[in-house]
Every structure is written in C-alpha cells, then in structure tokens.
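Here the structure of chain P is known, so what remains is to put chain L in place on it, guided by the hints.
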Amino acid sequence: MVSSDDFKKLDKILLFNDSATNDILNDFIGSVLKSIETQARSAKAVGFSNTVIIGIKEGGVPLAGLIKKNIKNHFKIDCEIGYVDMTLYRDDPFTVKKPIKSTELPFDIGDKDVILVDDVISSGRTVRAAIDEIFDFGRPKSIRLAVFIDKGGRELPICPDFVGKKIEAGKDEIIHVDIISKEKRVDKIIKT
Amino acid sequence: MSFDKKDLISINDLTKSDIYYFIETAKEFKKISLKDIKKVPTLRGKTVVNLFYEPSTRTRSSFEIAQKRLSADSLNISISQSSVTKGESLKDTILNLESMKPDAFIVRHHESGASYFISKITKASTINAGDGMNEHPTQCLLDIMTIMEEKSDIGSLKVAIIGDIYHSRVARSNIYGLSKLGAEIYLYGPYSLLPRFKDSRNVKIARSMEEAVKNADVIIMLRIQKERASYYFIPSIEEYRNFFKLTPNLLSLASKDVIVLHPGPVNRDVEIAGSIINENKTRILKQVENGVAVRMACLYILLGVQKN
Numbered sequence: 001m002v003s004s005d006d007f008k009k010l011d012k013i014l015l016f017n018d019s020a021t022n023d024i025l026n027d028f029i030g031s032v033l034k035s036i037e038t039q040a041r042s043a044k045a046v047g048f049s050n051t052v053i054i055g056i057k058e059g060g061v062p063l064a065g066l067i068k069k070n071i072k073n074h075f076k077i078d079c080e081i082g083y084v085d086m087t088l089y090r091d092d093p094f095t096v097k098k099p100i101k102s103t104e105l106p107f108d109i110g111d112k113d114v115i116l117v118d119d120v121i122s123s124g125r126t127v128r129a130a131i132d133e134i135f136d137f138g139r140p141k142s143i144r145l146a147v148f149i150d151k152g153g154r155e156l157p158i159c160p161d162f163v164g165k166k167i168e169a170g171k172d173e174i175i176h177v178d179i180i181s182k183e184k185r186v187d188k189i190i191k192t
Numbered sequence: 001m002s003f004d005k006k007d008l009i010s011i012n013d014l015t016k017s018d019i020y021y022f023i024e025t026a027k028e029f030k031k032i033s034l035k036d037i038k039k040v041p042t043l044r045g046k047t048v049v050n051l052f053y054e055p056s057t058r059t060r061s062s063f064e065i066a067q068k069r070l071s072a073d074s075l076n077i078s079i080s081q082s083s084v085t086k087g088e089s090l091k092d093t094i095l096n097l098e099s100m101k102p103d104a105f106i107v108r109h110h111e112s113g114a115s116y117f118i119s120k121i122t123k124a125s126t127i128n129a130g131d132g133m134n135e136h137p138t139q140c141l142l143d144i145m146t147i148m149e150e151k152s153d154i155g156s157l158k159v160a161i162i163g164d165i166y167h168s169r170v171a172r173s174n175i176y177g178l179s180k181l182g183a184e185i186y187l188y189g190p191y192s193l194l195p196r197f198k199d200s201r202n203v204k205i206a207r208s209m210e211e212a213v214k215n216a217d218v219i220i221m222l223r224i225q226k227e228r229a230s231y232y233f234i235p236s237i238e239e240y241r242n243f244f245k246l247t248p249n250l251l252s253l254a255s256k257d258v259i260v261l262h263p264g265p266v267n268r269d270v271e272i273a274g275s276i277i278n279e280n281k282t283r284i285l286k287q288v289e290n291g292v293a294v295r296m297a298c299l300y301i302l303l304g305v306q307k308n
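So the protein sequences, as listed, match chains P and L.
Per the working numbering, the first sequence starts with residue 1, numbered consecutively.
Per the working numbering, the second sequence starts with residue 1, numbered consecutively.
Chain P extracted, bound-state conformation (with noise of 0.2 Å):
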C-alpha cells in the first residue's frame, strides 16, 4: 500500500479509495447483469448462452474477470470470456511502442451478444480497433460496451453503454483504476 505521501510526489491524486471503488464496482457490475438479464429474458432465451465477455488489453482483464464471476455467482452460467489485444489496428502513426500481446478468443464469435469491457475510455480510438478486431473474427450479434471509468474528451462517435463513474479528465491526465490488489482505488496521475 502506497501512502498519501508517495502519492503527492507521483502527482497522483486519488479520486476513490477502497470502499469507494468497491461501490462503484458492484453498482457497475449490477447494471451490466440487470440488463443482460433483461435482453436474455425479451429473447426469450434460456440463460445467457449467447452472451460472451471480452475485456480489452491490459486494464480490461480483470473487470471481463468479474463480470463473468458474477455472472456465474448469480445466474449460475459459465459465460465464455476472451481477450483482445488491439496494438495491431491501432489507427495513429504506426510505430512499435510496445510489445504486442495475444488476442484470445476461443470460441466463435458469430450470431453472439459482446459484452466488450475496458477500464477506461477516453478518445474512444481503442475501442474502435478493438471492434475492428472482433470483427475479424467473425460478424457478432450485438456489441455492447462497459466501462468503468469514463474520462471524457471523444473523439470517435463512441458511447458506452454501462459507465461506473464518470470523472472529468484533460489530455495528459491519466486514470489509473486498481480494482486487482486488496485495496482498490481510482487515482489521477497528472504528466509533468
């Protein structure tokens, strides 16, 4: 646990702390269940076999994690989970900045209803490779997208459809969300 101190020197503000991380969580996570319960139950389908999870690289993991933890704790349905890693649709200047990662998605994609997770969303760019991305993979039902802190500043006509918090943000103000370690916490960290 890093203390308020080492925080300032970082130029890091925090904006939530553990219980009120934990808050927006659940209320985030619950909104995303409710409604796809209520599309599961419109369709008349039985279950949510056609609903799949899929978090974006890196901060979209463990959010894609619970998501589907839920899922199962409350409607007792193991949804399929997957991965995206959208370095290679990136849509600026191309240039190798880091390491490429593996997209995983280990099903078919056709005819299914996306859930697509990310922790943040800003610009709005990397969502747009990432559903390119799936899109290569197959011609999905529906996609929706869940994100869990919204920091404005869009570029791209992109609107999420499950946001936990919005928080108002510039360019070169990044926010970090935690929500792997014991204590979960939202920060601001401003680029000097």
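Honestly, the hints are just simulated from the structure, not real lab data.
Idealized CB from N, CA, C, for every residue including glycine.
Quick list of in silico lysine to aspartate or glutamate cross-link-like pairs, EDC-like style, CA-CA up to 16 Å:
| # | chain 1 | residue 1 | chain 2 | residue 2 |
| --- | --- | --- | --- | --- |
| 1 | L | Lys35 | P | Asp136 |
| 2 | P | Lys98 | L | Glu24 |
| 3 | L | Lys30 | P | Glu104 |
| 4 | L | Lys39 | P | Asp132 |
| 5 | L | Lys31 | P | Glu104 |
| 6 | L | Lys39 | P | Asp85 |
| 7 | L | Lys39 | P | Asp136 |
| 8 | L | Lys38 | P | Glu104 |
| 9 | L | Lys6 | L | Asp18 |
Footprint (simulated), chain P over chain L, 3 or more residues, beta carbon under 8 Å:
| # | region |
| --- | --- |
| 10 | 18 to 28 |
| 11 | 39 to 52 |
For chain L alone, kept in the frame of chain P given last:
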C-alpha cells in the same frame, strides 16, 4: 523492449534479448495465420519492394505472404525482366526505386554484402533475405523459433550443422545466432566445404558424422548447393550421399527428442534419407510455417522503428 535499427542485415545486428523479442513477436503473428481472416491492418499504406536477384520459392513467398497479412503493399521485381538485364548497376536500380518512396526493401542477392550496400544508400528498411555466402538472418530466426517451440533452453542444446558449411549463409547465420544463445555447435561436412577456423568455445568441427550427431538435440542439414559448390569441391553427388547423408541409423545416435531441420529445398536422399522426411522426423514444414510469422515480426518491428 525496443529496437532502434532500421535494417536487418546480419543476425549479429541483434543482441540476445533482441532475438528473443523478435521470436516473441513472431509467436503472436503466428496466430494471425490461423484466423479466418488472415490479415491485420497494421502496415496499411506501407510499400515493400521485394528484390530477388536469385531464385527463391520459400523465402520469397513467405515474405510476400507476410506483407499481405500485415496489409502492406508489395511490389515484386523480377530481375530477369528488369533493367538489370540492360546493364543498370545495383546502385542505380536502388536509387531509382528509392524515388518511388518504398518503406522497405527485401533483398536476395548472389553477392555477399549486397544487402548491406543497399541499406547504406536507402532510407527504407532493408531486410537481408540471403546475400551470397554471407547471411540469411530471417532463416536463423525461424530456425530458433522452431527449436524454441520444442526445447526450453537453447543454452543447453547440442546442435549439429552438417553439409556445405562454407557456402551456406544459413549455416553462417545459425552459427552466429545459436552460439549467441549459448548452444554448443558441431559442424561437419566434406573437408573442402568446412570453414577455416579453429574451434571456439561454442563452435567445434566434428571429425565424423557419428561425432556430429551423437547426442545432438537439433540437427540442421544443409542443402548441397549445386550452384555454388558445384562439383569442384566434392568428387560426386554419389560420394557425398555415401558419406554425408543423414540416415535413420545415424539419427538413432542422436538424443531421443532430436529434431531435424533443413532450410530447403531438400535434395532427397542426398543430404537426408527420404524415409526420415516421410516419417515426420523433420520440422521442415514447421520451419516454413514459422517463416511467415518471423517475417511478419521483422517487417513489423523494423517498419515501426523507422518513424521514430
């Protein structure tokens, strides 16, 4: 991990960790070839010129497929139908092509050093796809990738490289690359086709086929190069067959989990017994599969550097 050279001319351009970085990247690209839509948009708008002054099936098609899977535009210059036949120099050819603003040249040439020469007169990335008797770095990378798929630690392996070592750019790149990763290398071939150097710590010259293959974890058989070795260096193909062919008997001396590599094209029953190939003891087709992934990784990393 970052890489900041624009060209790949020699495997010695890469450090040990660079080699692993290229292989790790290639592993990811290998998955693209298994998708329904075998294409990513990463290199859209990039132009790659394939300049092959020597015949090639594998390397050329491998590079071309790599370019297509990354959405680059590729241009193939067929030397027999180009101005080269009218006497244009290599430098002039490159300078003229350079004016068309390519982003990369893939070069195969019968002269050692041709790729290096080209890399110095163009701003485009240059990848050596084999230059004379010098080097073939992407072949070395795909061989390392194929070995790493089955062997966890290259540093603990005994690798035998057998055949026309002297004329082989594949052997040269593999000796540099594998010894950099710590493998123990044994070379063997006709005396006239062995390099003239003393044993080093990692690289030794074996005195017999048996010594070379005994307990080997990897055996790399080389093609007898009719265009280079011709018949000046060996009395006859028949004699070569008798003394330097990898037979099932010899193979049984190697380690239990030995894998046999060959850069292709294979002269069946000259370098290697046909039965060894038929019984799936070689990894020749794996090498070809990995070749596409390695070349995608090379294009991706080198063209990604250029913009910086």
